[in-house]
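Undergrad: In case you want the letters, here they are:
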Amino acid sequence: MNVWLVIAIACLAAYALKLSGYFVPAGVLERPRIARTADLMTVGLLAALVATQTLTAGAALVLDARVPAVVLAGVLLALRVPFIVVVLAAAGAAAGLRALGWLG
Amino acid sequence: MGPYKDSKARDPEIATAIRSGVAVGVAVSLYGVSFGALAVAAGLDVWQTCALSLLMFTGGSQFALIGVLAAGAVPLTAATGWAAVAAATLLGTRNALYALRAAPIVGPGRLRRLAAAHWTIDETIAVSTAQGTPAARRAGFWITGVVIYAGWNVTTLIGALIGDLLGDVRAWGLDAAAAAAFLGLLWPRLRGLQPVAVAIAAAVVAVACVPWTPPGVPVLAATAVAIVAGLTNALGPRGGASAPETPQGGLPA
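Protein sequences, first through last, are from chains A and B.
Per my numbering, the very first residue in the first sequence carries number 343; after that it's consecutive.
Per my numbering, the very first residue in the second sequence carries number 112; after that it's consecutive.
Looking at chain A on its own, in the form it has when it is part of the complex (with noise of 0.2 Å):
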């Protein structure tokens, strides 16, 4: 499957859902379980992403620098630290760990 491809439906797909809103009736989008499970749907994605982003490598677990890297993103979103700093910071953390040697 091409890259270019993916690109084009995901973007229509973007912009249909944002178009949707507009000219859908209220009624239809405005339920409770339904705002409540597009709520859910963003964190289990997200929450997914971190997991997988984190612990795997292709078809296999791994256990690497980018495990303490995202436990000082962790500490460093508690401790609300802006976003970009946050990202700068894992990535400096996992790079210095294998810059040492110590866990790949």
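It is possible that part of the hints are untrue.
[Claimed, not checked] Reference listing, derived: stretches of chain B covered by chain A, where coverage requires no fewer than 3 residues with Cβ under 8 Å from a Cβ of chain A:
1. 150-162
2. 188-202
3. 237-246
[Unchecked claim] Now the stretches of chain B that chain A is said to cover, found in silico as 3 or more residues with beta-carbon under 8 Å:
4. 252-260
5. 269-283
[What the hints assert, rightly or not] Pair ranges (Cβ atoms, derived):
6. A:Ala402 x B:Pro219: 33 to 43 Å
7. A:Leu445 x B:Thr244: 32 to 42 Å
8. A:Ala420 x B:Asp275: 27 to 37 Å
These are computed hints drawn from the structure, not numbers from a lab.
Here the structure is a predicted model, which is why all the values come from computation and not from measurement.
Idealized CB from N, CA, C, for every residue including glycine.
Please arrange chain B on chain A, whose structure you already have, making use of the hints.
TA: Same frame as chain A, now just chain B:
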């Protein structure tokens, strides 16, 4: 720019809306650098990276798409490609709910709504709904949209060019940066027992699926957990009432 008259720009409510729109827009635009660099690290070229920010323009979905593509093999298989589309689309569903709130704010008119739809994201809704008057809400929506759209796309290009220069992704810790970026998107949503429980269950399901399923599928399987929790309101607030979907401040577009 917004369909409000210049003479109204002296209105203090509108001035406040413009100030917060610019502040939020500039702050959020900086995250575009991390998206650009991570997209290139995930195997996209600079054009594909910029196309996503120009045409998709909703940060969570953009990060999800490149996250799934990064986990997949080269060349891209159909399973991974469709999983990437599905993950990005599911993350974009909240924008449909935002659009319900934006519709009365941006006003009537087919063309105006077609344009407003593209900018219906966390930040435009957060800034506009926080304003006190209809004119200020409208100004807040359009100012935030203009600033973030310009900023997000410029910083995406900068990030993509930097990512191109970096080369080895792991040596620079960009794989850890991607995980941290998702954690940063997730963090402000973890208020209350229900979202925390769903996040943990989704993470466990995703990791458990990884050895047995094609790339991208673990993330979608985890979504099923969230959908079941949402439909049944498991561990939710009593009485079945739940806070309406609210944009979380300080998140990428």
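Undergrad: Should the hint that A:Ala420 and B:Asp275 are 27 to 37 Å apart at their CB atoms be regarded as holding?
TA: For A:Ala420 and B:Asp275 the Cβ distance comes to about 33 Å; the hint holds.
Undergrad: Do A:Leu445 and B:Thr244 keep their Cβ atoms within the hinted range of 32 to 42 Å?
TA: violated (55 Å)
Undergrad: Mind checking, does the segment 188-202 of chain B have 3 or more residues with a CB under 8 Å from chain A?
TA: holds (count 12)
Undergrad: Is the coverage entry for the segment 269-283 of chain B by chain A consistent with the three-residue Cβ rule at 8 Å?
TA: It holds: at least three residues are needed, and the segment 269-283 of chain B offers 3 whose Cβ sits within less than 8 Å of chain A.
Undergrad: Do three or more residues from the segment 150-162 of chain B put their C-beta atoms closer than 8 Å to C-beta atoms of chain A?
TA: holds (count 4)
Undergrad: If you check the beta carbons of A:Ala402 and B:Pro219, does the distance land in 33 to 43 Å?
TA: Taking Cβ atoms as reference, A:Ala402 and B:Pro219 lie about 55 Å apart, which means the hint is violated.
Undergrad: Is the listed coverage of the segment 252-260 of chain B by chain A valid when you require three or more residues with a beta carbon under 8 Å from a beta carbon of that chain?
TA: violated (count 0)
Undergrad: Within the assertion that chain A covers the segment 237-246 of chain B, do at least three residues meet a Cβ-to-Cβ distance smaller than 8 Å?
TA: n = 0 at 8 Å, threshold three: violated.
Consistency note: the structure conflicts with the earlier hints numbered 3, 4, 6, 7.
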